[in-house]
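Enquirer: Residue numbers (numbering that gives the first Met the number 0), protein chains in the order written: chain A, 0 to 509; chain B, 0 to 502; chain C, 0 to 500.
Rather than coming from a laboratory, the hints here were simulated on the basis of the structure.
Heads up, some of the hints might be wrong.
[Stated by the list, open to error] The calculated lysine-lysine pairs, modelled on BS3-like cross-linking and capped at a C-alpha distance of 25 Å, are: (1) C:K152 - B:K469; (2) C:K171 - B:K474; (3) A:K5 - A:K357; (4) A:K5 - A:K190; (5) A:K431 - A:K101; (6) A:K429 - A:K101; (7) A:K55 - A:K304; (8) B:K408 - B:K356; (9) B:K26 - B:K176; (10) C:K152 - B:K474; (11) A:K431 - A:K55; (12) A:K357 - C:K152; (13) B:K408 - B:K438; (14) A:K431 - C:K152; (15) B:K188 - B:K204.
[Stated by the list, open to error] Cβ pair distances, simulated, as ranges: (16) A:E192 - C:P409: 24 to 30 Å; (17) C:P409 - A:P236: 27 to 33 Å; (18) C:I464 - B:P487: 40 to 46 Å; (19) C:I447 - A:A174: 36 to 42 Å; (20) A:R468 - C:I464: 55 to 61 Å; (21) A:D233 - C:P409: 48 to 54 Å; (22) A:E205 - C:L394: 52 to 58 Å; (23) A:Q315 - C:L394: 53 to 59 Å; (24) B:D455 - C:I464: 50 to 56 Å.
Note that the structure is predicted; figures quoted are calculated from it, not measured.
Where is the CB? At the ideal position from N, CA and C, for every residue including glycine.
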Amino acid sequence: MPAPLKVVIVGGGTSGWMSAAALVAGLPPGLCEVRLVESDEIGIVGVGEATLPQIKDFNDHIGVDEADFMRQTQATFKLGIEFVDWGFKGSSYIHPFGVHGKPLGGVPFYQYWAKARLNGRVDDLGDYSLPIVASRQNRFAFPSTDEDGLSSNFAYAYHFDAHLYARFLRGFAEARGLRRTEGRIVDVTLKPEDGHIASIRLESGEVIAGDLFIDCSGFRSLLMGQALGVGYEDWTPWLPCDRAYAVPCERAGALTPYTRSTAREAGWQWRIPLQHRTGNGYVYSSRFISDDEAAATLLANLDGKALDDPRPLRFQAGRRETSWSRNCIAIGLASGFLEPLESTSIYLIQVAITNLLKLLPGRAIDPALVSEFNRLIDVEYGRVRDFLILHYHLNGRDDAPLWRYCREMPVPDSLTSRMALFEHRGHIAKYKDGLFQPPSWLAVFVGQGLLPAGYDPLVDNVLQEHILRELDQFRADVAQTVEAMRDHGGFVADFCAAPANRPLSSRVAS
Amino acid sequence: MSAQRIRDIVIVGGGTAGWMAAAALAKVMGTQAYTITLVESEAIGTVGVGEATIPMITMFNNVLGIDENEFVRETNATFKLGIEFAGWRREGHSYFHPFGQFGVDMDGVNFNHYWLRWMLSGGSNDYGRFNAETEAARQRRFGRTGHGPQTSLPNINYAFQFDASLYAAYLRRFSEKRGARRIEGQIVKVDRNGQTGLIERLTLKDGQTVQGQLFIDCSGFRGLLIEETLQAGYEDWSHWLPVNRAAAVPCAKVEEPIPYTRSTAREAGWQWRIPLQHRTGNGYVFCDSFISEDEATRLLMSRLDGEAQAEPRILRFVTGRRRKSWVGNCIALGLASGFMEPLESTSIHLVQVGISKLLAMFPKGGFNPLITDRYNAEMEADYVNIRDFLIAHYKVTEREDTPFWRYCKNMDIPDSLATRLEIFRTRGEAMVVQHELFKEQSWFAVLAGQGLMPVDYHPVADLLSEDELKLRLAKIRTGIQDRVSGLPTHQAFLDSCARAPAA
Amino acid sequence: MSRPVRNVVIVGRDAAAWLTALGLKRAFGRQGVNVTVLELPSMVRSADVLVGLPTLEGLHRLLGLDTDDMLAATAGAYALGQQFANWSQARPPFVHAYDTHGAPIHRIDFLQHWLKARSEGMNVPLEEFSLGAAAAKHGRFVVHGDATSGFSKARAGYHLDASAYIRLVRQKAIELSVQRQAGTLGEVVRSDSGIVSVSLAGGEPLAADLFVDASGVDAVLIGKVLEQPLESWSPWFGCDRVLVTSGPKLNPLPAMSRISGFKAGWIGMFPLRDRTPVVAAYDSRRISDAEMLQSASVLCGMRLGDAFVAPCEPGMRSAPWTGNCVAIGEAAVVLEPLDAASLHMIHVGLSHLITLFPVSAEAMLEAEPFNTSMQNHARNLRDFQIVHYRLNGRLDEPFWDRARETPPPPELAAQLDLFAARGAVALYDDETFQEENWASVLIGHGLIPRGYDPQVDTLAPDELIAAFQRMLGFIASTVRDMPSVEAQLELFAPLPSNASF
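Chain A on its own, in the form it takes in the complex (with noise of 0.2 Å):
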């Protein structure tokens, strides 16, 4: 067997540790030497975390418990996004993990949804979706295996303290064989020849060498964008959010199976439950509204007792220009930055990790697997951008200078035209990279306004008692299934309560 890859990660934080954790538990034993640096003295960016349901497959991946990690990171789960105040003020919808309704005929169910809507019967589409109306009784089941029922149709993620998660995989990944070294980086090496990275040097006087590099060391990107110079292609103009406040507060009320983001007057709030608090953030943009007012508008708007003073990100949406060069990975904030509106950032850790284990290079780098990792995370960033864009263009807001401006900016073309499809027949395109899925756009379509004026013709096939008669079983089957469900609090107590904490309150009238 070949001598092992020297594989140095710089940073730690979820980005590092997903990462390490990865290398050293999911690949076979002796391929990889792993090194991680990181400075406590930094500190870590994460507060509360939401998720996506690929994290799981990566948790398996690796070889972690469920519980137990639940357990350790005081994680909920989460079975979709609420979004408040988004359409219009007052309006709320539901973004879940699942599809709504089951297809009729080979045609999505929504399309008879559609239809019945134009021909009068006026419902939310969201009460034929488990997961949604699970999440507005505050219930909870894990997906049935049994496949063609309704209660395997749907997935679930989780809500974590990122800081815990990290700390979780570090012990992790430290009992597999990780080397850690404390220390701050002051220099970075690169081989005349080549430009790669030969070594880093520690505030400590330690060289550390390495055959490949992972850079995690977030915003600052020490490796990537600082030694190697490789640019930054700025997504402000659509993403105009760039700094947030993020404070926890006391627990209070049921505890929601979801995250919530509530829009504001020049950006949005996030609402993360955990076992032991609750994260909250404001994420907002800095050309609508002062630091100050930002700040009290978040302490405002906490449902318990805030825990901490606010503190303080800044960020710039955009994107690294390719996330891998030369011999260095650029992973989480240092290869780019979405806003987590959608939970997308552990997502693209995470998509980055796979896509590396799968293109995992040996000492000497072929440019092919370089330029192929690049364009799938090239497709990975654009795919989650669109849809963010699409949250903000798509208001009905007119009552701030953000959404107005949102509402009127150019927007990419892809983007434009899918939103006339879907206004035309409910049409949405699939591709075959990236999130996000049809039911997802839907959910964000609808959510906001944006109804189909028309509907695919095939629905006609089916005689308008027939799905009318469809339509109400299913609602009446979602209810009565959710009926049966635990309460999401008394599941998560009896699953995986985090040791030492406050007992957690079981049914608390919502």
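For this one, chain A is given, so just place chains B and C on it according to the hints.
Expert: This is chains B and C only, laid out in the frame that chain A set:
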């Protein structure tokens, strides 16, 4: 009764029956403790033309220890995979009654039921696809597959088509080599013991006498001993099997011989075509109530595919059987014991069966009526069974285009057969019992071929999923194709037999 | 709401016209959509064959056609893949089967393990690990069950007699009340926004809400009237003519197509149950039609019947749906008759037209996503075909040298680079062929990757060898146990029999 030891066996009449008896006795009983004398008159002449057989004959040959290739060479034989019945169900239609199995029995149930399930749900009605012999016949191929090393490919069951007179001559050489004695002459007197009634002596025209304690009557229709002397009586079956004549003629071969017999239904009976190595045997079996001998002969001659090589001969008969084949110390074999048309090539088989039962029950000295009755009962059962099978060919027809066929279609039939047909119609089984010559697959081939299609089948056949059923059918078919495509042509195989050295 | 589409007129012929007619009528007929075919003279000759991918079964389901019935009516046969021979001087023939290779070991793709084993001296070809390829070579049909699940996805494609197939589709369409008028093209009236009416010579003009141009390379609407340009792909395809003829049926019946390179192009045999269609694509500058026919006979080793020739210019319209006119089939995309492409593009076009059937006769926003998808499909298929030429190993033959030296389109170049580096296959949106198909063809044509997934290095060689042997053993015993394609066809798609019994 004081038993006189059997020492001298006398066979009256040659031909296939006589010489088969002689050969078997010579081989099994031998000529040390017994004498075997066959009395035949060349002058009388033997009936045989082209003759077809069924696979059981190989057992007979094996008992004699005959080398098959030598036998094939000596009798100008070709191989036979089955019989094609052309025009029996209706004009223009044809089906094949093969030897061997249909498909593979599965889960203890005959393959036919699986085929029926598939056919009744829309599959093809060609069951011949699932029989290796039918496929080989279609492709004019033949080969011996033996039952040797483990192979999942189906075997080929076969019989022979040969020149009966050459067969008789071959068996005669065999018998004489083993000490059987042939006397030529016509019998003019038969002497019986005054007290016992047993036959003691024959007197020939030239004055010779032949003594014996056991007599085998192979004298043909007249039944010189069994009927003329012992008056056993004859049971007439003409009302069920009306044909009573056969016009026979050999013709030149015009193509490589095909490995099967053809029986073509005609206006007043049917025509056989039996290909031999050197020529083809033909015959029109008919009923003279529906067509004259002259007309039948004329039609036969006009329907040959090669030039006639002799004058046509007429054979006259009454379908039926001797009421008793064994009376006293005389056993009748062949035509002396009964006659049924050669529709299913059963004549030589009945001789063989008669011989083998005789050998099994061979008396040491004295004749035990219990044994004799037993022999007669078994022979009767065999005859009746074959009779019913033959009747089915006529009764189950769609033809009504001539008086003959209208008669056959509407005639009464034995209850035993009527019951069998009805059971078959309802559940695809002929309920064959063990001793019967024609097994389930033969009944199935003929009844389905004639148009009696069952409406249902055994419930076990429903237990397989449809996909599994189709897979099994396809695999059976594949095995058959693989087997048959590996066989040489019939002619090539015959050539290889011709070259093979004698054992 | 704006005016719905009530009347569809299909102007064209043969498979494109009748499959589209049947598909649209079945999908929308119940709602009162009228479908009329203005049938132009057929371009199908008696020797023509239609080659179908396994996905054709899906098209039949959509159209309410029984595949077994189609096979019976067209003396059709199964093709479990296509064999490529003589595309290189040194390399042996290979089979591109419609199946995967091996099974992942420790979650790593089999190909990676194979590459490593090969680098260490193992010389069992990749296709030996494909159950589909083994079945194809032995004339067996793969029936899936518990044993094959997780290891093989082998499916069968089809060879179908073109005339008989089209006749049957037309009959079904007419049974469903598709209207038909036959004749030669008369007048086409257009406006700024699209086609107003079409008439046959001597006939009345027929107006419609939606027109389908199914007229093949003539492209009478999309090309001649709406003047949509054809983006030419000739630089990558050296052949400019196609010859079609027929030979006697082959015994035993092969279970795959066979494509053989020769000095000025390629020649393929696509056996049916009653004859063997032969299709050759060639460069008419290097070989005349007459010479081609002679060579065909020699190359196929059989006496051939009447031959038909026609030009072949690969390319596609960037906007096959323009205004109220949708082009389907060769009016939209022309590819070489390789890799079962032509029928597949009709399938793709029809399927997208049904999914994107316009809701309004006045504004057809559906055209845009339709065009995008069709372009993606067509370019991906084109690139798959270019691979055969780009990777050919017939050195010092001008036709082949040129093919090898022509730079491929950029997406294909990237795919080739990636595969050459690591045996990874990059796939884009709307691909016809998946990783295993690309791997079959790339490896078969000799593009052996330089490296492989380093995770493979950590596995014990004994374990790997044992796994390989198990796979080979499994394939050998499974293939022996499968029914033959002939038995399968005979029993479930029987030809009318003329045997006497």
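Enquirer: Hint says 27 to 33 Å; check whether the CB-CB distance for P409 of chain C and P236 of chain A agrees.
Expert: holds, 28 Å
Enquirer: Does the alpha-carbon distance linking K431 of chain A and K101 of chain A stay inside the 25 Å limit?
Expert: Measuring from Cα to Cα gives roughly 21 Å; hence the hint holds.
Enquirer: Between E205 of chain A and L394 of chain C, is the Cβ distance one that fits in 52 to 58 Å?
Expert: At 55 Å between Cβs, range holds.
Enquirer: Using the Cβ atoms, figure out if I464 of chain C sits within 40 to 46 Å of P487 of chain B.
Expert: The hint (40 to 46 Å, Cβ to Cβ) holds, given that I464 of chain C and P487 of chain B are roughly 42 Å apart.
Enquirer: Note whether the CB distance of D455 of chain B and I464 of chain C lies within 50 to 56 Å or breaks it.
Expert: holds, 55 Å
Enquirer: Please work out if K26 of chain B and K176 of chain B have their alpha carbons no farther apart than 25 Å.
Expert: Holds, because 10 Å separates the two Cα atoms, which is no more than 25 Å.
Enquirer: Given the hinted pair K408 of chain B and K438 of chain B, is their alpha-carbon gap at most 25 Å?
Expert: Holds: K408 of chain B and K438 of chain B sit about 24 Å apart, inside 25 Å.
Enquirer: Quick one, are K55 of chain A and K304 of chain A close enough, alpha carbons at most 25 Å?
Expert: Distance ~32 Å between K55 of chain A and K304 of chain A Cα, so the pair is violated.
Enquirer: Just to be careful, I want the Cα atoms of K357 of chain A and K152 of chain C compared with a cutoff of 25 Å; is the pair within it?
Expert: Measuring from Cα to Cα gives roughly 23 Å; hence the hint holds.
Enquirer: Starting from K431 of chain A, check that the Cα of K152 of chain C is at most 25 Å away, please.
Expert: holds, 21 Å
Enquirer: Mind checking the hinted window 55 to 61 Å against the Cβ distance between R468 of chain A and I464 of chain C?
Expert: holds, 60 Å
Enquirer: Would the hint linking K408 of chain B and K356 of chain B be met if the CA-CA limit is 25 Å?
Expert: Violated. K408 of chain B to K356 of chain B sits at ~36 Å, over the 25 Å cutoff.
Going down the numbered hints, you'll see the structure goes against 2, 7, 8 and 21, while the others check out.
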